[in-house]
Amino acid sequence: MGTFEWKKYIKRGIMLSSIPLVLAACADDTESDTTSGEDPSANDTGDSGNGGEVAELEFWSFWGSGSRRETIEAIIEDFNSEHDNINVEHVYQPWGDIWTKALAAIAGGNAPDVIVQDINSVRQRAEAEQATNLEEYIEDESFSEKFYPQLWDTVLYEDEAYGVPFNTDTQVIFYNKDAFEEAGLDPENPPATWAELEDAARALDIESGDGYEQIGFYPRWNIGPDVWTLNADEGVSWFDDEGNVEINTPEKVAALEWMLEWQDYYGRDTINQYEAEFGSGVADPFISGLVAMRGQNLNYYVNLQENAPDDLDFGVFRLPEYEEGSGHWTWGGGFVLEIPENTDNPEESFEFIKYLTSTEVQERFGMNSFDIMANIEANENLTTHPELGERGLEMYQMAEKSLEKTVITPVPLTAPDYIPLVNTQIDAAFLGELTAQEALDAAQESVENLVEQNQ
Amino acid sequence: MKNADTSQFSKAIQEIKTLKKKNWSKRKKKEAWWGLLFVAPFIIGFLGFMLLPMLFSFYGSFTNYNITSQMDFIGLANFKRMFTQDELFTTSLYNTAYYVLFNVPLTAVGSVFLAVLLNRQIFGIRAFRTIFYLPAVLSGVAVYVLWMQLLSPSSGLVNTVLSWVGIDGPAWLFDPEWTKPALILMRLWSVGGSMLLYLATLQNVPKQLYESAEVDGAGFTRKFFHITLPLITPIIFYDIVTSTIGAFQIFQEAYVMTEGGTGGPSNSLLFYNLHMWNKAFVAFDMGYAMAMSMILFIIVLTLTFINLKLAPKWVNY
Amino acid sequence: MDLSKQAPIEQAGKKVNEKHFKSRKRQQFIGKIIVYIILIAVSLVLLAPLGWMVSTSLKSMEEIVSFPPTLLPETFHWENYAYTVKAFPFFNYMKNTIFITAFVVAGNVLSNSFIAYGFAKINFPGKNVLFALVLATMMVPGFVTMIPQYILFTKIGWVGTYLPLIVPSFFGSAFYIFLMRQFYMSINNELIESAQMDGANHLYIWSRLMLPLTKPALITIGIMSFNGAWNDFLGPLLYITREENYTLQIGLQSFQNQSTTQWNYLMAGATLVMIPTIVLFFFAQKYFVEGMDLTGGTKG
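From first to last, the protein sequence lines are chains X, Y and B.
Sequential numbering from 1 applies to the first sequence in the UniProt record's numbering.
Sequential numbering from 1 applies to the second sequence in the UniProt record's numbering.
Sequential numbering from 1 applies to the third sequence in the UniProt record's numbering.
There may be inaccurate statements among the hints.
Claimed, not checked - Pair by pair, the computed Cβ-Cβ distance ranges are: (1) Y:Lys28 with X:Asn454: 51 to 59 Å; (2) Y:Ser163 with X:Glu380: 54 to 62 Å; (3) B:Leu71 with X:Asp210: 20 to 28 Å; (4) Y:Glu259 with B:Ala82: 29 to 37 Å; (5) B:Leu71 with X:Asp310: 22 to 30 Å; (6) X:Asn449 with Y:Glu259: 22 to 30 Å; (7) X:Tyr265 with B:Leu71: 52 to 60 Å; (8) B:Ala82 with Y:Gly124: 29 to 37 Å; (9) X:Asp310 with B:Thr70: 18 to 26 Å.
In case anyone wonders, no lab produced these hints; they're calculated from the structure.
We put the CB at the ideal spot given by N, CA and C, even for glycine.
All chains should be modelled from the sequences, with the hints used to inform the complete structure.
Below is the structure:
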C-alpha cells in the first residue's frame, strides 16, 4: 500500500454517518490502493515472447524468514538481471497454508506462475489438471538425469513430467558421541543393523528410580512405523510401484513386532511421559541429553548448529539395516517447482525453474540453507565445498550416502487419504489391543476398501 | 414476546386496534415495509455472497467435483459411499457427537458461573475480567504447548492435583479413551468468549431486584435461580444454539493437536470436519466433502429446529 | 418478573433487626474474601500460557530447546522484540490489520444491530422463514463454500483487495444478528409502541432509543468482531495477494517453516499482536457499566 494514509480514510469513514456512504468509501479506497501498480494476477501482458515485452512472473514459496528467504531473493535478483525479458517477483506464503491458497487460486483462475509444492502429491495435481505438463518445455533429453531418480519419479504422471524437484531430505539417526564414550561404545563405529542398534541402546540407557535419566533410543520418535516397515521390506512402502497395497507383508509385521518390543521394554508410561514433555516440539530431548540416539531428518543438523551448545559432540549414521545386507533403506520428502495450469507465461516460468534447479544455483541455495538439494551434482559439489565447515561437509557426505537408499512415497492416486486408516490400526497395536499381525491385516483390508471406493 | 401482556399500555393499544381497524391494515403494510428495510442488508448480503456458494455446494454434493478438472453428476453415489463404505465417516460422526454432548452443556454452565462471579463491583474487577477473557484471545501454539504439559500423564499439573485426592489420572492425550475429555477440558478453559455475552446481559438486570431479595434474606443460590437465571435465558438459548452449531464444526484444535489432521490416537480426534477436510483438501474429493457437509447441515438443522421448538417452554423474553 | 411483587419484600426487609444485620455484614465480608481467593486462583491458571509466551519471547533459542524448561529466562533477551519487528514489516502489517479491523468492527456493529431490530421488533410476512435462513447460514461448514466463494470474488474482481474481508461485514453475520435479536427480545415492546404513538418511525426508534439501550450488546459485538478480524488468518491468506498488504497473523507465520520454529520470535510477535486486544477489552468494559443506567427499558 505504500504511502497509504489510512487515518484519513478512517476519519472520513467516521464523518459519513450513513452506511451506504461508508461502504462506498471503503470500497473505493481499498480497491484503488491495493490494485494500484499491480498485478501479475491480472496478467494483461498476454502473449509471451513478443519482442521487448517483459513477462512478469509471480513465484510463491513458504520461505518467510531467515537464510532461505535471503538466499532465494538474492538468487531471484540475479535471475532478473540476467534475463531482460523476464521479471520474477517472490511472494512469501505461510508454510502449509500456501497449498490451500494455491488450490483456491488455481480454481479461481488467478494462480501464480511458479509454486513450491509438496513432492508427494505431484501426481495428484497432474491428474486433477492443476499443474502444467512440462514435456514441451523440456528440450534437453538429459534434463531428468540431473536429479536423483527417485525424486524425478515423483514428478511423472503417465510418464510425463509435471514438476521439477527442488530439494529433498532423508531420515537418519543422530547420536551423542560423548554418551557413546561414557557407555563404553566406539563413537566412530555407530550401529549398522537393527540388532546392533538395540545393543547400543541398551548400553546407553541410564535408569534412575522409576524412570530413565537417559534413553538410548526409541524407534517411534520422529521416525514412524511407516519408515521402519519400509526399511525391513527392502524399500517397499505401504504401496508398491504398481499401487498395490502391501501393508501386511511378513517383513512389515516383523518390523512392527520389533517396535512393540521396544515399547514393552521402556514401558508405555515412560514413553508417554517423554512424548508429553517433548511432543510439542519446543524442548529438544537430544540437545538436552535425555536421549542418546534420535531419528531425524538430516536437515535437523541446522537446528543443532543453531540451538545446541557448542560442546555437544554429535554424529550421524544411516538408518540401520534390518538384517545385514538388506540395505539401509530410509524415507525422505522434499519439494518441487510447479507451474499451475492456465498461466500466461509457462515458457518463461520454465526458464526460471530451469535456473533454480541448475547445478550452480542449487549449490548456492544448499550452501546457505543446508538443504539437501535435488540436483545430484550440486550435492556432490557440496560434499567438498571449500566454504563449508567440517560439519557441513560431513552432512552432505551423509546425504549422498543415505540418498542411495532413500524412498520417496508419493500419495497413491487410488487412496490419497489412507493415513488415518493405517494409523488407527497401528495405534491399536501399540495400545495392546491387537497383535502386529492383526493390526496390519486390518489396515490392509481398510486401505483396500478405500482403493475400491476410489476406483 | 407473545406472552400474555396485561399491562395498561397494551390494553390501550388493543383498544386503538379495534377502533381503527381500517387504518390498521394500512399500518400493517407500512410495518412490513419497515421490516423489509431493516432486514434488507442481510438479504442483499445473502444473495450477493452466500447464495451462489451454497447452491454450488448443494449441487456439488451430487457430483465427483475435484475442484479443478471434473464435476460430473453422479447422483447419490457420494451418499451411498458415505453410509456403506467409508469406515471413518461413522468414526468421525461418533467423535463429533461425543464432543457436542459434553462441550455444549459444560461451556454453558461454566460461562454462566464465571459471568456471575465477575458481575460485581469490587476492587480490581476490570483486571480480573480481562484475565478471564484472555483464553478467548490467546490462540494456537502457546495454548497447545501449555496443555501438553498440563496434561502430561505422570508429571502434569492436572494429574498431580488428582493424585492429591487419591485419583490415578489417565494418560489424557495418549489414551484414545481420554483424548476427547482432554479436548473438552481445554475448551472449557476458554469459555471467556461466551462469558462476555452473559456479562453483558447481567448488566441489564435491575440492581434493586438483588437488593430487595437480599433484605429478604435470600442467599446466593436463591438469588441466582430466582432472579439471575430467568433473566438471562434468552442468551442461554442463544449460547446453546450457536455453540451446538459451533461444536459440530470443531476443527482447529483437533487439526493442530493431531499434526495436520491425521486423527490422533486411534482416530479418537478425527472429527467430522477433520475428515471432511481430508477428503476435500488431501484427496481433492470435494464432491464427497460437499455431500458430507449436506449431512451435517441436516443434522444441525434438525437439532436447531428442536431447540427453537422447545424455547418457549423455558426462554423468558 | 414483576417489579410490583418486590415491594412487600422490601418492606419486610426493613423490619430486620440490627444484630442480624451485623452478622450479615461479616458474612458478606467472608464471602468477599472467598470470591477473591477463587478469582486469584483461577486467574493464575488462566495467566499461565501468557506467562509462558512472554517468558519464551525473552529467551534464547538455546534455552528454549533445553530440558527441563526454565520458568524465567536466564538472561532477558529484549532484543528478540527488536528482531521480531524487523524480521517482517511489522508496523506496515499492523497498519493493514488496523485498517481491515476498523471497517469490520464498524460494519458488524452497525449492520447487525440494524438487521436484528427488524427481526425482533417489526412484524412482516416471511419473517420466520427469513430468520431460519439466517440460522442456516451458520450451519454450512466453511470449507465447502470456501472455494466457490473464492471463485465468486475472483469473478467480481475483488481478489487482491480488502473488499472480500470488509464488505460482507456490512451485510450482517448470522451469529451477531441472532445475538442482537436476543438482546432486543428482552426489551419491552411498550417502549417502542409508545414512541410510535408519539409519531416516531422505526429508523428513529432504532437510532435514538435502541442503540443507546443496547450499548453492552454493541460493545460485546465490537469486542468479538475486533477479536475475530484481528486474529483472522484464512481470510487474509486467501484474498490478499501482495506481501505489502499482508496482516499481522500472516507475518507471524514466517517464523515457522518445514523444519524449524523460531519460538522466541514467534512468541514475541504473538505477544505484541495480542496487546491491543487486551487493552481494548480492558477499556471497553467501562461501557458495560454505563449501560446499567438504562435498565428502565428492561422487562423485569
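Evaluated hints:
no.: 1; hint: Y:Lys28 with X:Asn454: 51 to 59 Å; in the structure: holds, 58 Å
no.: 2; hint: Y:Ser163 with X:Glu380: 54 to 62 Å; in the structure: holds, 57 Å
no.: 3; hint: B:Leu71 with X:Asp210: 20 to 28 Å; in the structure: holds, 25 Å
no.: 4; hint: Y:Glu259 with B:Ala82: 29 to 37 Å; in the structure: holds, 32 Å
no.: 5; hint: B:Leu71 with X:Asp310: 22 to 30 Å; in the structure: holds, 25 Å
no.: 6; hint: X:Asn449 with Y:Glu259: 22 to 30 Å; in the structure: holds, 25 Å
no.: 7; hint: X:Tyr265 with B:Leu71: 52 to 60 Å; in the structure: violated, 33 Å
no.: 8; hint: B:Ala82 with Y:Gly124: 29 to 37 Å; in the structure: holds, 33 Å
no.: 9; hint: X:Asp310 with B:Thr70: 18 to 26 Å; in the structure: holds, 19 Å
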